[in-house]
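S.K.: Required output: the full structure, derived from the provided sequences and hints.
Going down the list, the protein sequences come from chains F and V.
Using this note's numbering, you'd call the opening residue of the first sequence number 1 and step up by one each time.
Using this note's numbering, you'd call the opening residue of the second sequence number 1 and step up by one each time.
No lab work stands behind these hints: they were computed from the structure.
Idealized CB from N, CA, C, for every residue including glycine.
Where hints are given, some of them may not hold.
[Stated by the list, open to error] Here are the simulated distance ranges between beta carbons:
1) Ile332/F to Glu91/V: 37 to 45 Å
2) Leu129/V to Asp173/F: 22 to 30 Å
3) Glu83/F to Glu91/V: 40 to 48 Å
[Said to hold, decoys possible] Partial chain V-side listing against chain F, Cβ under 8 Å, derived:
4) Ile19
5) Ser20
6) Leu136
7) Ser139
8) Val140
9) Leu155
10) Leu278
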Amino acid sequence: MNYNTDKLPRKQLLSLQLDLSKFEMASEDEKAQHETMRESTTFFRDGMKKLRKNPLAIMSLIVLFCLVLTIIVVPMFYPYSYEQMITVNGKRDKTAKNLAPMTYSKNELKAMEEGQKIFPHLFGTDELCRDYFIRVLYGARVSLAVGLFASLIVLVIGLLYGSVSGYFGGKVDMVMMRIVDIIYSLPDTLMVVLLSVVLNQILGTALQGTILARVGNNMISLFIVFGVLYWVGMARLVRGQILSIKTNEYVLAARALGAKSGRIIKRHILPNCMSVIFISVALQIPSAIFTESFLSFIGLGVQAPMPSLGSLANAARGGMQSYPYKMVFPAIIICLIVLSFNLLGDGLRDAFDPKLRR
Amino acid sequence: MLKYTIKRVLLAIVTVFIISAVTFFAMNAIPGGPFSKEKAPDPAVQAALEARFNLDKPVGQQYLIYLKNLAHGDFGISLKTGRDISQIIREKFSVSAKLGGMAAACAIVLGLLLGSTAALCRNRWPDRLIIFLTTLFVSVPSFILATILLLVFALQLKWVGVFSTDNPNYILPVISLMLYPMSYITRLTKSSMLDVLGQDYIRTARAKGVRESLVIFKHALRNALIPVVTYVGPMIAGILTGSMVIETVFTIGGLGTEFVRSINNQDYPMIMATTIFLAVLMVIATLISDLVYKLIDPKINFD
Numbered sequence: 001m002n003y004n005t006d007k008l009p010r011k012q013l014l015s016l017q018l019d020l021s022k023f024e025m026a027s028e029d030e031k032a033q034h035e036t037m038r039e040s041t042t043f044f045r046d047g048m049k050k051l052r053k054n055p056l057a058i059m060s061l062i063v064l065f066c067l068v069l070t071i072i073v074v075p076m077f078y079p080y081s082y083e084q085m086i087t088v089n090g091k092r093d094k095t096a097k098n099l100a101p102m103t104y105s106k107n108e109l110k111a112m113e114e115g116q117k118i119f120p121h122l123f124g125t126d127e128l129c130r131d132y133f134i135r136v137l138y139g140a141r142v143s144l145a146v147g148l149f150a151s152l153i154v155l156v157i158g159l160l161y162g163s164v165s166g167y168f169g170g171k172v173d174m175v176m177m178r179i180v181d182i183i184y185s186l187p188d189t190l191m192v193v194l195l196s197v198v199l200n201q202i203l204g205t206a207l208q209g210t211i212l213a214r215v216g217n218n219m220i221s222l223f224i225v226f227g228v229l230y231w232v233g234m235a236r237l238v239r240g241q242i243l244s245i246k247t248n249e250y251v252l253a254a255r256a257l258g259a260k261s262g263r264i265i266k267r268h269i270l271p272n273c274m275s276v277i278f279i280s281v282a283l284q285i286p287s288a289i290f291t292e293s294f295l296s297f298i299g300l301g302v303q304a305p306m307p308s309l310g311s312l313a314n315a316a317r318g319g320m321q322s323y324p325y326k327m328v329f330p331a332i333i334i335c336l337i338v339l340s341f342n343l344l345g346d347g348l349r350d351a352f353d354p355k356l357r358r
Numbered sequence: 001m002l003k004y005t006i007k008r009v010l011l012a013i014v015t016v017f018i019i020s021a022v023t024f025f026a027m028n029a030i031p032g033g034p035f036s037k038e039k040a041p042d043p044a045v046q047a048a049l050e051a052r053f054n055l056d057k058p059v060g061q062q063y064l065i066y067l068k069n070l071a072h073g074d075f076g077i078s079l080k081t082g083r084d085i086s087q088i089i090r091e092k093f094s095v096s097a098k099l100g101g102m103a104a105a106c107a108i109v110l111g112l113l114l115g116s117t118a119a120l121c122r123n124r125w126p127d128r129l130i131i132f133l134t135t136l137f138v139s140v141p142s143f144i145l146a147t148i149l150l151l152v153f154a155l156q157l158k159w160v161g162v163f164s165t166d167n168p169n170y171i172l173p174v175i176s177l178m179l180y181p182m183s184y185i186t187r188l189t190k191s192s193m194l195d196v197l198g199q200d201y202i203r204t205a206r207a208k209g210v211r212e213s214l215v216i217f218k219h220a221l222r223n224a225l226i227p228v229v230t231y232v233g234p235m236i237a238g239i240l241t242g243s244m245v246i247e248t249v250f251t252i253g254g255l256g257t258e259f260v261r262s263i264n265n266q267d268y269p270m271i272m273a274t275t276i277f278l279a280v281l282m283v284i285a286t287l288i289s290d291l292v293y294k295l296i297d298p299k300i301n302f303d
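M.R.: This is how it looks when you write it as structure tokens:
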């Protein structure tokens, strides 16, 4: 096909007007080459792509995954239990006290000479002749469960409270936020200690005989403390997010285009604040683990036979010079968990926080 | 500004009242009293003791009596030791304040230094190293850190003495108390410094030919400090309560140890006094840091 050059206005001498006769039509092949070949991507998929490029976040994800797998699977076939003394030939072995890692007690050595197979104590044993490896595993289990569950409580309460406050606005918002302000300015550590002491004593009698008693009133009081004190940060975050997103131009644009509020909430408000909320949950978990270990440290943590990483480390302080490994193992695990969650949280923030995205 | 200040001060007063009420009623909800643990108490003696400390009256009335005494500056006497609580607090707090003050000062100075260094050497090895270390420090619970420091440096290597009353060696306690806030300040300073260094006025200053050191200290750092100021209030709170753990590990007789002990003893006036004292300190610290923040940041309007 040719252009009819006559139909074009006459070219002035100094004009920059293009001379169309010097151009050719693009063939279909060439047109196809210029089309961008990138697939349309969703917010989540894009974020995951970014996350996958962050080696630290991926490494911590792998570490956490391996840890969780170990915690769940290993106790199923591990020959020792976390609350029982080591027994040799059906008898309690009192010589298996404070063994160093990978060593055997006298009785065990004797039994081994007789041809019995005895599973090695990977981390040694503690002062009550219990296998330390399984105790550390259970401790990690308890600490992780506390961290996850406490963060969940914080998430649920904070999300509900914050969205109600942010959504209704006005007087309701003001009153609700004053309450948050007051709780926020309470010195949390003092209150945590005080509340757990009080709740421990009160719950101890109230819970007897119920299913909850098996979880232990220290744990329950810890969760209550989290439900009472720590949700305020989340509530503030959610409210702030909803308030600021509500006034964004794209929400206005969506509304102007006739989108219903259901669609606006689903497509515009939620995706934009969910990422920030999830990041904050990921960073809440290590802080909950810290609080639990702190409470265990001053003797307010989980109940006696059940170990947590904090209480194990605290118990190990007594024989610190003679048995440093008892301190080292729970300390390493706790640092590993907290470090992984911190790095993962940072990675998630880099990948998903809309403010940091470019 | 005045309106904002009044609002914040009122909120602070309400907070202190709520803390005192929560503490008082929570404490009294614990079954058993300070005298029920004594061996074979004579009922008459116990009744007399309870009457002496107003423990026989209804809880609400006890609270009012307590507030009245508090308004006169009277914290009461410790039920376990019989000593005047104001005196105990003064004595113990001087130790805690010394420890906390040193830790806070070190945390701020080192944090700012490391943070600016990391920002200025962005993506080179000093930055990587500083961020690696601070991430690590944020992930270690303070009591584990304190115990390890104590074991390695005081007991194994014997580089520093163990803390004792006649030979108060604050190095290790200060380090273990300081690392967490220091790491936090470092990360905060780094991100705010990077933010500031990308601003137009920095480019203008450089284009004018201002010396690089002047650009960094006068133009960049001063503006980068603003977000750090908001953290200082909560940091002081954290250091004061965190010292509870550090004091126990290093057996320093400070206010934190006293708080834990009074809770275990159910020493009501002592729990009340320490909680209110620490709470007031923290509320004031937060208040000041918020007000200073509003004062130094011209971008914020007061409403």
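S.K.: Leu155/V was flagged as interface toward chain F. Is the shortest Cβ-Cβ separation under 8 Å?
M.R.: Where the cut-off is 8 Å and the nearest Cβ of chain F is about 6 Å from Leu155/V, the hint holds.
S.K.: Given a hinted range of 40 to 48 Å, is it respected by the beta-carbon distance of Glu83/F and Glu91/V?
M.R.: For Glu83/F and Glu91/V the Cβ distance comes to about 43 Å; the hint holds.
S.K.: Given the hint of 22 to 30 Å, is the C-beta distance from Leu129/V to Asp173/F inside that range or not?
M.R.: 45 Å, violated
S.K.: Does Ile19/V pass the interface hint, meaning its C-beta sits closer than 8 Å to a C-beta of chain F?
M.R.: 6 Å, holds
S.K.: Under 8 Å is the threshold here; is the Cβ of Ser139/V close enough to any Cβ of chain F for the hint to stand?
M.R.: At 4 Å from the nearest chain F Cβ, Ser139/V passes the 8 Å test, so the hint holds.
S.K.: Measuring from the C-beta of Ser20/V to each C-beta in chain F, is the shortest one below 8 Å?
M.R.: For Ser20/V, the interface hint is violated, since the closest Cβ of chain F sits about 11 Å away, which is over 8 Å.
S.K.: Using Cβ atoms only, decide whether Leu136/V comes closer than 8 Å to chain F, and label the hint accordingly.
M.R.: It holds, given that the least Cβ distance between Leu136/V and chain F is near 7 Å, below 8 Å.
S.K.: So the hint says 37 to 45 Å: do the beta-carbon atoms of Ile332/F and Glu91/V match that?
M.R.: 39 Å, holds
S.K.: Does Leu278/V hold up as a contact with chain F if the rule is Cβ-Cβ below 8 Å?
M.R.: 6 Å, holds
S.K.: Does Val140/V meet its interface restraint, that is, does its C-beta lie within less than 8 Å of any C-beta in chain F?
M.R.: 5 Å, holds
In summary, the structure is inconsistent with hints 2 and 5 from the numbered list given earlier, while agreeing with the others.
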